[in-house]
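Chemist: Here is what each chain is made of, one letter per residue.
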Amino acid sequence: MDLLKIGTRSFSSRLIIGTGKYKSFAETRQAIDESGAEIVTVAIRRTNVGQHKSEENLLDFIDSNQITLLPNTAGCYTAEEAVRTLRLARELLDGHDLVKLEVLGDAQTLFPNVSETLVAAKQLVEDGFQVMVYTSDDPIIAKQLEDLGCVAIMPLASLIGSGMGILNPWNLGIIIENASVPVIVDAGVGTASDAVIAMELGCDAVLMNTAIAVAKNPCLMARAMKNAVKAGRDAFAAGRMPKKLYTASPSSPALGLLPQTPKKSG
Amino acid sequence: MLTLKSNLSAQNSGRQPTTRNPKIKRVDDRISHIKSSAITTSMITAKINGIREKVKAGTTISILINDLNIANRKIALEVNGEIIPRSQFDSRILEDGDQIEIVTAVGGG
Numbered sequence: 053m054d055l056l057k058i059g060t061r062s063f064s065s066r067l068i069i070g071t072g073k074y075k076s077f078a079e080t081r082q083a084i085d086e087s088g089a090e091i092v093t094v095a096i097r098r099t100n101v102g103q104h105k106s107e108e109n110l111l112d113f114i115d116s117n118q119i120t121l122l123p124n125t126a127g128c129y130t131a132e133e134a135v136r137t138l139r140l141a142r143e144l145l146d147g148h149d150l151v152k153l154e155v156l157g158d159a160q161t162l163f164p165n166v167s168e169t170l171v172a173a174k175q176l177v178e179d180g181f182q183v184m185v186y187t188s189d190d191p192i193i194a195k196q197l198e199d200l201g202c203v204a205i206m207p208l209a210s211l212i213g214s215g216m217g218i219l220n221p222w223n224l225g226i227i228i229e230n231a232s233v234p235v236i237v238d239a240g241v242g243t244a245s246d247a248v249i250a251m252e253l254g255c256d257a258v259l260m261n262t263a264i265a266v267a268k269n270p271c272l273m274a275r276a277m278k279n280a281v282k283a284g285r286d287a288f289a290a291g292r293m294p295k296k297l298y299t300a301s302p303s304s305p306a307l308g309l310l311p312q313t314p315k316k317s318g
Numbered sequence: 028m029l030t031l032k033s034n035l036s037a038q039n040s041g042r043q044p045t046t047r048n049p050k051i052k053r054v055d056d057r058i059s060h061i062k063s064s065a066i067t068t069s070m071i072t073a074k075i076n077g078i079r080e081k082v083k084a085g086t087t088i089s090i091l092i093n094d095l096n097i098a099n100r101k102i103a104l105e106v107n108g109e110i111i112p113r114s115q116f117d118s119r120i121l122e123d124g125d126q127i128e129i130v131t132a133v134g135g136g
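In the order they appear, the protein sequences are chains A and B. Counting from 53, one number per residue, gives the positions in the first sequence under our numbering. Counting from 28, one number per residue, gives the positions in the second sequence under our numbering.
There could be a bad hint or two in this list.
Said to hold, decoys possible - When the alpha-carbon atoms are kept at most 27 Å apart in a straight line, the in silico DSS-like pairs for lysine-lysine are as follows: (1) B:Lys74 <-> B:Lys101; (2) A:Lys73 <-> B:Lys101; (3) A:Lys268 <-> A:Lys75; (4) B:Lys74 <-> A:Lys75; (5) A:Lys195 <-> A:Lys174; (6) B:Lys83 <-> B:Lys101.
What the hints contain is simulated information worked out from the structure, not anything from laboratory work.
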């Protein structure tokens, strides 16, 4: 069985999806089901304290026996805010320790602030968290985060929510080559072919939200992504053929070809 | 026992509350320090998710979240930046000036 091992946990699905931007919680749940994801991210926010008792909550729509929740630190711009948020998440989710760390540096690009990310990662690992960390595609930072004890390195493929796809496969390749923990493309995937490319590069998994949630038919796109991640993983495992730049190679045998059509002699 | 409702729900919508619970007095931020001791001795002021609220002295966290209609919710709670475990909700009594943050999980990527 080709399992994805992250920290102390194992998963059979290599697609991780976010729960933001869906039209309803029901649609969120359908998309999760279609995607086959076993890990879904959630954000931590102030609760609406004036709500009706019947008001719906995202957590009511996710079966925590089947799905591993991955609380994130989206919206945090300092290590301190990120650590605080995840400590609250751990309390909220009864001691749950698998988390997604992201410390942003800029509201326009949502590019990660890697120096704050390093500080937060160190603190969280010391606190006993299993940290999956969103970062830039800088191989040196990726290695430093791994050395601090992060259980998965999650470089961006392009900007969060941009759908621009895999912009720098070379950097991702270097990170994958050097890492001994899972490398997960987090952010930038726009459509199924992007997910295939990420997996063919040797990524261990792909994390996405907007590509599914903002598709015209999110549930269908969730299924497409499930199949794409599987296809890409299989292609990676199978090992692709070498590229021949200037010479074709026929797939059909040269032997047994029909001779020239005989001409009737008059 | 207190029953908070609409005055707190305004925080997320940015609207002014349409109805008020007479047992709970919202204190204008500018004058709260002057007035708070004069209004009544049995009430204290606490900030709940950024909104200044009057609550009865002696209110525990359990009572507070019950009055906020979130007792059966998945929440985590901080008082003055310190996480309060659920096991202490019954015993922890709010104090004047406490800043309370109550969070839950929402959709995100």
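Chemist: None of the hints should be skipped; say for each whether it holds.
Modeler: Against the structure, the hints come out as follows:
1. B:Lys74 <-> B:Lys101: At roughly 20 Å apart (the allowed maximum being 27 Å), Lys101 (chain B) and Lys74 (chain B) satisfy the hint.
2. A:Lys73 <-> B:Lys101: holds, 21 Å
3. A:Lys268 <-> A:Lys75: Measuring from Cα to Cα gives roughly 11 Å; hence the hint holds.
4. B:Lys74 <-> A:Lys75: This hinted pair is violated, its Cα atoms lying about 32 Å apart.
5. A:Lys195 <-> A:Lys174: With a Cα-Cα distance of about 13 Å, the restraint between Lys195 (chain A) and Lys174 (chain A) holds, given a limit of 27 Å.
6. B:Lys83 <-> B:Lys101: With Cα atoms ~24 Å apart, Lys83 (chain B) and Lys101 (chain B) stay inside 27 Å; holds.
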